[in-house]
Amino acid sequence: MADQPTPFERFIQGILPENPVYRQLLGLCSTLAVTNGLKPALTMAGAVMFVLFSANVIISLIRNLLKPHLRIVVFTLTIAAFVTIVDRFLAAYMYQMSKALGPYIPLIIVNCIIICRCEVCASRQSVLTAAADAVGQSIGFGLALCSIAVVREILGTGMLAGFRVLPASWPSWTIMVLPPGAFLTFGLLLGLVNWIDAVRSRKKL
Amino acid sequence: MTDTSNKNPVVSVAPSPHVFSMEMTVPVMMRDVLIALVPVVATAIYFFRWYALRQLIICVLFCLAAEVVFTRMRRRSLSLGDLSAVVTGVILGLSLPATAPWYVGVISAVVAVGIGKIVFGGLGMNIFNPAMVGRAFVMIAFAGSMAASGYIDATSGIDMLSQATPLSAFKQFGTAVPLSSLLWGTTNGSLGETSALACLLGGIYLCVRRVAAWQIPAGILATVTVVGAVANLVNLHSQWTVVHHLLGGALLLGAFFIATDPVTSPVTAAGKWIFGIGIGALVMLLRLFSGYPEGVMFAVLLMNALTPLINRWTIPRPFGGV
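Heads up: the sequence lines are chains P and W, in that order. The first sequence runs 1 to 205 under my numbering. The second sequence runs 206 to 527 under my numbering.
For the record, the hints were derived by calculation from the structure and aren't laboratory data. Glycine included, each C-beta is placed from N, C-alpha and C at the ideal position. Hints are supplied without guarantee of correctness; some may be wrong.
As the list claims (entries may be wrong) - Only part of the chain P face toward chain W is listed, based on derived beta-carbon distances under 10 angstroms:
no.: 1; residue: F11
no.: 2; residue: P167
no.: 3; residue: A168
To be verified - Some but not every residue of chain W turned toward chain P, in silico, with C-beta under 10 angstroms:
no.: 4; residue: V274
no.: 5; residue: M278
no.: 6; residue: P306
no.: 7; residue: V316
no.: 8; residue: V324
no.: 9; residue: L328
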């Protein structure tokens, strides 16, 4: 067990080298669904960060009690408890946003990113590592969501987080805030990330 | 020493178009399509003048530019010489309204060639008709410029641009234009769709040259005739007869020039019939029951999606096979 990543490695890995969206292609359902604006994207990233951090810490604390054949059930129940907290919190304090995000907050329960981190990191490593891992992965997820949301909101409405950034004469590309725009933007950005990666690895050689 | 490869010929399976004769190469086919489009382009320029010219130039230029940029990005060899980008540009331009702003042409051209074609691997690999991908994108992105009201510009000097398109006039007010204007093209509409005669002329040339498979337009037109006749019988007082259905809207342009794209239509004869009948049925479904006045674009895109499945259904049984 000596060669397991340190907390700092886990933290850095999550942001770009193992970015949950662009590198692991996990959690794409919510990625595509909530990125039609920067505000819902940030709310989603915050919600995922809270759930992932709490779940990772709890799972890491009870990792020695886990039975192999029951571990997924325990993960899911732990995650579900925190998702319920987030869901009720949003409904109480950010009612409009809770309505706008609709079912995607409850759907964090089945977000693969969180189960993946519980399985890969939290159920094997110490609390500190698990916490660092959760923060890193959440930042990576948030960055990915924001990158997609910025492109879609600016092209689709000429605004960013509700403020006008392009002149009012901008012809809004309505399709960008609709589901097809999510797929197109994500595909093109994924291509861009892969291209940057290819260029960088070519320079190293 | 005999060549063993002759004893066991390898049957290679690849997406169309298939090269089987040097008289039927991609540039030759594309040139034939361009020749067939001459009457359509001519009537469009005659009736819509500067508007048609502007739209066509924008679309062709930006299709070529997108081809260069996207093939460079994918590090593929440049294939401007096969004229496919020009054909996409002309068909795209003909499918746009005369009054659409310049950025509609630019964006639809870049989306058509970039996302509709090169992203899939270039000519022969795309699953959807590139021109229709570009048009669908701007249709949803700029609903204001592409919907019924976007076709009308009362301030222009051209009479036809102050009228509603025949299909939307019928959908909104229940009035039908005379058949002669649909035949000659003295109505408002997308640039290439107004003149039924020009589309027929070019389309028949394509079928005679065998660049377009005749089964596809035949299937489309037969289905539209049957469904239109049934719709007529159900509603005897409607002014919009089955002949209006055949001559009006983008049906002929779509049937002859857009649906017959050899890359995105089935390979076998039976498959082409299924493809044509499917498009005809979807067009009539959208025309009669949807909120859109016209449905050729969506019908073609939907059947494009089914093309691989149709190809698999209609694999011909070899002689003596089971």
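Here's how the hints hold up against the structure:
For the restraint placing P/F11 at the interface with chain W, the shortest Cβ-Cβ distance is roughly 34 angstroms, beyond the 10 angstroms limit, so the hint is violated. Taking 10 angstroms as the C-beta contact cut-off toward chain W, the hint placing P/P167 at the interface is violated, the least distance being around 14 angstroms. Restraint check, P/A168 versus chain W: the minimum CB separation of about 15 angstroms is more than 10 angstroms; hint violated. Given hint, W/V274 at the interface with chain P, is violated; its Cβ is 13 angstroms from that chain's nearest Cβ, farther than 10 angstroms.
Taken as an interface hint, W/M278 checks out: its beta carbon lies about 8 angstroms from the nearest beta carbon of chain P, inside 10 angstroms. Interface hint at W/P306: satisfied, since its Cβ lies 7 angstroms from the closest Cβ of chain P, which is below the 10 angstroms cut-off. Because the closest C-beta pair between W/V316 and chain P is about 9 angstroms apart, less than 10 angstroms, the hint holds. The interface hint given for W/V324 is met, as the beta carbon of that residue sits about 8 angstroms from the closest beta carbon of chain P, less than 10 angstroms.
Interface restraint check: W/L328 against chain P, minimum CB-CB distance 20 angstroms, threshold 10 angstroms, status violated.
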